[in-house]
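Chemist: Sequence:
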Amino acid sequence: MKALEKERQNKQKLFDIAFESKVNYFKKSFEELCIEERMLLEVAWNNYAERKNK
0 MKALEKERQN KQKLFDIAFE SKVNYFKKSF EELCIEERML LEVAWNNYAE RKNK
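For the sequence shown, counting from 1, position 52 maps to 51 in numbering that gives the first Met the number 0; every step adds exactly one.
A few of these clues could be false.
[Claimed, not checked] The calculated DSS-like cross-link candidates involving lysine-lysine, where the alpha carbons are at most 30 Å apart (straight line), are:
hint, residue 1, residue 2
1, Lys53, Lys5
2, Lys10, Lys21
3, Lys26, Lys1
4, Lys51, Lys10
5, Lys21, Lys5
6, Lys51, Lys1
7, Lys51, Lys26
8, Lys51, Lys21
9, Lys12, Lys53
10, Lys27, Lys12
11, Lys53, Lys21
12, Lys12, Lys26
13, Lys10, Lys26
14, Lys51, Lys27
15, Lys5, Lys27
16, Lys53, Lys10
17, Lys1, Lys12
[Stated by the list, open to error] Label pairs and their calculated CB-CB ranges:
hint, residue 1, residue 2, range
18, Glu41, Ser20, 16 to 22 Å
19, Lys1, Asn23, 18 to 24 Å
20, Asn45, Lys5, 25 to 31 Å
Calculated directly from the structure, the hints in this document are not laboratory data.
Glycine included, every Cβ here is placed at the ideal spot set by N, Cα and C.
Assemble the whole structure, with the sequences as input and the hints as a guide.
Modeler: Here you go:
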């Protein structure tokens, strides 16, 4: 379980960098994302926004 949490944190760091630099993480438009990618992007954005608004 700790390995899974560590991987999630590492991916979140990559998303944070993408959000801050306004780079497209998946290299495709939102419309082209599959359901899993959209869900991952939404969770990552909510986490990022929550931490930035503290």
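Chemist: Evaluate each hint against the coordinates.
Modeler: Against the structure, the hints:
no.: 1; hint: Lys53 - Lys5; result: 22 Å, holds
no.: 2; hint: Lys10 - Lys21; result: 16 Å, holds
no.: 3; hint: Lys26 - Lys1; result: 29 Å, holds
no.: 4; hint: Lys51 - Lys10; result: 17 Å, holds
no.: 5; hint: Lys21 - Lys5; result: 24 Å, holds
no.: 6; hint: Lys51 - Lys1; result: 25 Å, holds
no.: 7; hint: Lys51 - Lys26; result: 24 Å, holds
no.: 8; hint: Lys51 - Lys21; result: 15 Å, holds
no.: 9; hint: Lys12 - Lys53; result: 17 Å, holds
no.: 10; hint: Lys27 - Lys12; result: 19 Å, holds
no.: 11; hint: Lys53 - Lys21; result: 21 Å, holds
no.: 12; hint: Lys12 - Lys26; result: 17 Å, holds
no.: 13; hint: Lys10 - Lys26; result: 15 Å, holds
no.: 14; hint: Lys51 - Lys27; result: 25 Å, holds
no.: 15; hint: Lys5 - Lys27; result: 26 Å, holds
no.: 16; hint: Lys53 - Lys10; result: 21 Å, holds
no.: 17; hint: Lys1 - Lys12; result: 17 Å, holds
no.: 18; hint: Glu41 - Ser20: 16 to 22 Å; result: 19 Å, holds
no.: 19; hint: Lys1 - Asn23: 18 to 24 Å; result: 30 Å, violated
no.: 20; hint: Asn45 - Lys5: 25 to 31 Å; result: 20 Å, violated
Against the hints set out earlier in the document, violations occur for numbers 19, 20.
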